[in-house]
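Asker: Listed here are the chains, written in short residue letters.
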Amino acid sequence: MDLKVLRATIGKEFQIRLRAYPVDFMVGCILTSFYTVFGAWMMYHYFFRKRLATDFADLAGTSDYMSYAIVGSLVYLFVVRTCLNVSRRLITELREGTLESLMLAPFRRTSYFVGNMILQTIMTLGETVIAAIIGIFFGLRIHEFCLWKFITAVLLSLYGFFGLSLILGCVMIYARDTYVSQNTLFAAIFLVCGITFPKEYLPKILQMIGDIIPVTDSLTLIRSAFFGGLSTDRFIHIGIKVFIAGTVYVFTGLPLMKQLEKITLEKMEG
Amino acid sequence: MKNFIKVLIAECHKQHRNYFNNMLIYVSLFLWPLLSFMASYYSYKAFDVEGSIVSYISGGNMPVFLLIGYMGMSFFRSVVQSAWHFSQERQGGTLEYIYLSPASRIAVIFGNALSSVFEGSVAMVVFGMLLIFYNKAALNINLFGLMAVIPIFLCASLCWGAFMNACFLYSRDSDFLFTVLEEPMEIFAGVKIPVNIFPQWARLISCIFPLTYALEALRQVTLNAAGIGDMKKVFIISIIIILVLFSATLITIYVVERHMRKTGNFILF
Amino acid sequence: MIEVNSLKKIYEVKRREKFFFIKKEKIEAVKNISLRMEKGGIVGLLGINGAGKTTTIKMLTTLIEPTEGTYTFDGIDAIAHPDIVKRQINMIAGGERMIYWKLTAYENLWYYGQLYGIENNLLKKRIEELVKLVGLEGKADLPVETFSKGMKQRLQIARGMINDPKYIFLDEPTIGLDAIVTQELHKEIRRLAKEKEKGILLTSHYLSEVEELCDYIYLVNAGELVFEGTKKDLTDYVFSGNRYIFSVKGMDEAIVIKLRDYLRGIDFESEVEHLGGNAVISSKAELSSNIAAFAVDEGLVINELHKVEPSLEQAVIKLSQNIENKGIDIA
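Residue numbers (the UniProt record's numbering), protein chains in the order written: chain A, 1 to 270; chain B, 1 to 269; chain C, 1 to 331.
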């Protein structure tokens with residue numbers, strides 16, 4: 001890891017953000033989270049009048065549907081914001097024409113992406129807090145908070161999300177598209193990762209897809225840090241799974257990105 | 001009038017040729033609504049569906065209820081998308097040429113929306129087939145009612161699209177408008193939750209979206225075998241909405257052109 | 001004839017500062033511009049810095065309304081009747097944008113033709129003619145995205161003539177084109193003016209282009225007209241006097257300094273610059289014999305000594321330097 005590059009990246013991105021903060025985009029993301037929560041609230045209170053399915057509590061590890069759904073939507077917001085930003089970095093550089101000059105410099109890609117990730121995490125944290133405050137009005141309650149589980153879950157999640165962003169970034173660079181690939185991935189995450197309902201309701205095949213996206217397990221960990229419902233053994237077991245999945249993503253993502261950079265620069269000539 | 005129709009057809013054709021062979025159309029018309037449909041469907045599993053208070057919803061026809069919702073949503077989305085494409089013409093510079101010509105702006109805008117109504121219809125047919133194939137038994141269709149609802153549905157979406165087009169002309173932050181309009185529509189228009197169980201204040205918001213009425217009418221005739229007689233109220237409201245949207249579009253176009261001539265706002269470069 | 005008098009345009013711009021704060025600002029893009037375009041004539045509109053060229057064109061094409069001033073179009077008040085004007089003008093801009101890439105050339109032209117309400121049979125015939133005119137025969141049914149830059153540009157020209165306009169506004173029409181295509185285009189522009197009696201207004205960054213094509217030039221700086229006239233008027237105005245290029249074997253700074261002192265003895269206001277191995281001399285007096293005498297006196301071998309007609313480019317550069325140094329100085 002090259003700290004100089006890391007610092008420079010954070011500094012540069014911070015400046016960009018400060019000068020032209022994508023307010024619309026941030027508001028859009030918070031609104032998305034708000035609508036998700038609001039939809040869940042309407043379903044719970046008005047449509048089904050708080051009558052949950054009998055197996056919900058067992059599968060979810062809590063019988064508090066609203067808190068379950070809100071935490072899901074907060075993590076979803078977090079994933080969307082960080083992933084999107086890190087993945088879009090290179091393609092943005094490509095579109096703005098800075099990619100070539102960037103590639104000329106012999107720097108370490110890892111530091112560049114990690115720098116972006118750190119900055120984005122800090123930025124998103126603020127937005128997530130705003131969304132969480134909104135969540136409280138809709139009934140977000142913490143039942144059994146466990147600090148070490150929370151910290152472990154967050155760190156592991158960031159690692160996993162980072163890997164995911166790299167892969168998404170590769171797809172974007174390869175397809176030269178952000179709109180279709182990002183929205184499709186996010187719609188898929190929303191479906192298979194257990195954001196507002198336990199993934200066990202899904203057919204087997206979709207559950208399997210959910211298992212290979214680190215968001216699913218990260219979400220289980222984070223929820224257990226808030227609501228309990230997961231033994232320490234189970235927690236560690238799932239934690240290791242997230243770590244392994246994240247590692248696979250990161251270590252395929254980085255070399256793949258490098259490969260794609262070359263292809264992209266070649267394509268640029270043509 | 002002749003020129004109006006000429007421009008309408010030309011715009012419709014251009015828009016169709018320019019965007020229909022784009023992958024985005026297929027993804028946004030089919031894949032995204034399908035994914036959202038599935039997400040909503042499975043999220044219902046967390047609840048005791050038989051406990052719902054809406055007359056025509058039970059465990060059996062829940063998927064049909066949702067599928068109709070997402071079908072309508074996808075239709076309306078496609079017209080919004082066309083508006084979004086239209087706003088991109090500003091970046092492409094072609095909008096300036098349209099404004100340079102004496103062509104009727106209303107014809108351009110309606111032509112644009114019309115092309116996506118056509119695209120939406122393709123999606124609608126596909127969803128319809130899926131529906132019949134998936135769960136024929138849950139359907140309870142009044143054919144005459146359906147024949148009356150479809151044109152109203154098409155008109156409502158056309159006017160909605162035209163109105164969006166006019167709005168997108170005005171706003172530079174078209175992406176923002178897209179997020180602000182798209183998701184509330186999914187919730188408030190009753191795509192996944194029937195509007196009649198909404199609290200009063202939420203129903204007020206629902207009123208804004210023509211999709212609300214379009215969906216209600218569509219569901220009534222397909223799930224509840226409602227005839228034309230039962231639907232009078234919905235029809236009248238839909239026609240009013242269509243008229244309101246139409247006039248709002250005319251006003252917006254007028255205001256936009258005046259504003260643009262004052263500020264030269266269409267120059268982004 | 002198009003005639004505008006004392007056009008003025010003030011924009012109110014909203015600028016987003018940090019986060020949510022919005023600041024309103026008034027920008028005076030055009031302060032005072034008057035110009036005329038006649039059928040069969042080509043006028044050039046040149047800008048120095050932040051000139052307001054684009055705004056002027058947009059006002060002339062009725063895309064934006066002037067804040068003040070008058071605009072008469074063949075005797076009609078154009079500000080009040082933009083629709084009448086729109087039918088009789090068109091614009092051709094450089095670059096590859098402003099056409100639909102997924103559509104074929106024919107479809108593009110057809111679409112724009114419909115916007116002008118041209119009758120279908122006539123339109124068909126006109127498209128055929130235009131396609132031939134811009135040399136896209138056989139390519140008209142291919143999507144524009146498969147076209148080269150030059151072909152796209154030629155399509156732009158055909159598009160700009162689809163309504164058979166009386167007046168055409170050319171906004172940097174040859175930007176990014178190679179020399180051969182540019183030459184062809186110049187020929188075409190001249191033909192449009194001289195044979196087809198179109199009134200043409202041209203803006204360009206390539207001053208040689210303006211020099212070659214335009215009968216009359218308007219020079220704009222910071223929203224104000226600083227000069228109008230023919231190219232000759234402009235060069236005469238900027239370089240009142242003579243310019244010489246002089247070079248000798250072993251030319252160096254010392255020689256230039258010596259020459260300067262020598263010439264100042266004859267004409268106190270003469271200037272000598274050392275540029276690209278040459279001495280460039282400007283003076284109000286006729287100095288060629290003096291320069292030659294200097295070379296003989298100093299025992300220098302003359303490589304070159306001749307009087308030069310300044311180019312438009314030199315005139316504009318000089319003028320903009322004058323403006324920067326002395327403030328605006330209206331002709």
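The set of hints was computed from the structure by calculation and includes no laboratory data. Worth double-checking, as some hints may not be accurate.
Partial pick of chain B residues on the chain A-facing surface, computed with a CB cut under 7 Å [said to hold, decoys possible]:
id, residue
1, 25
2, 27
3, 39
4, 42
5, 48
6, 154
7, 155
8, 182
9, 193
10, 195
11, 197
Simulated coverage check for chain B against chain A, where a stretch passes if three residues somewhere in it have a Cβ under 8 Å from a Cβ of chain A [stated by the list, open to error]:
id, segment
12, 31-37
13, 81-88
We treat Cβ as the ideally placed atom computed from N, Cα and C, and that holds for glycine.
Asker: The structure should be examined with respect to each hint, and the outcome stated for every one.
Answerer: Evaluation of the provided hints:
no.: 1; hint: 25; result: violated, 10 Å
no.: 2; hint: 27; result: holds, 5 Å
no.: 3; hint: 39; result: holds, 4 Å
no.: 4; hint: 42; result: holds, 5 Å
no.: 5; hint: 48; result: holds, 4 Å
no.: 6; hint: 154; result: violated, 26 Å
no.: 7; hint: 155; result: violated, 27 Å
no.: 8; hint: 182; result: violated, 9 Å
no.: 9; hint: 193; result: holds, 5 Å
no.: 10; hint: 195; result: violated, 10 Å
no.: 11; hint: 197; result: holds, 5 Å
no.: 12; hint: 31-37; result: holds (count 4)
no.: 13; hint: 81-88; result: violated (count 0)
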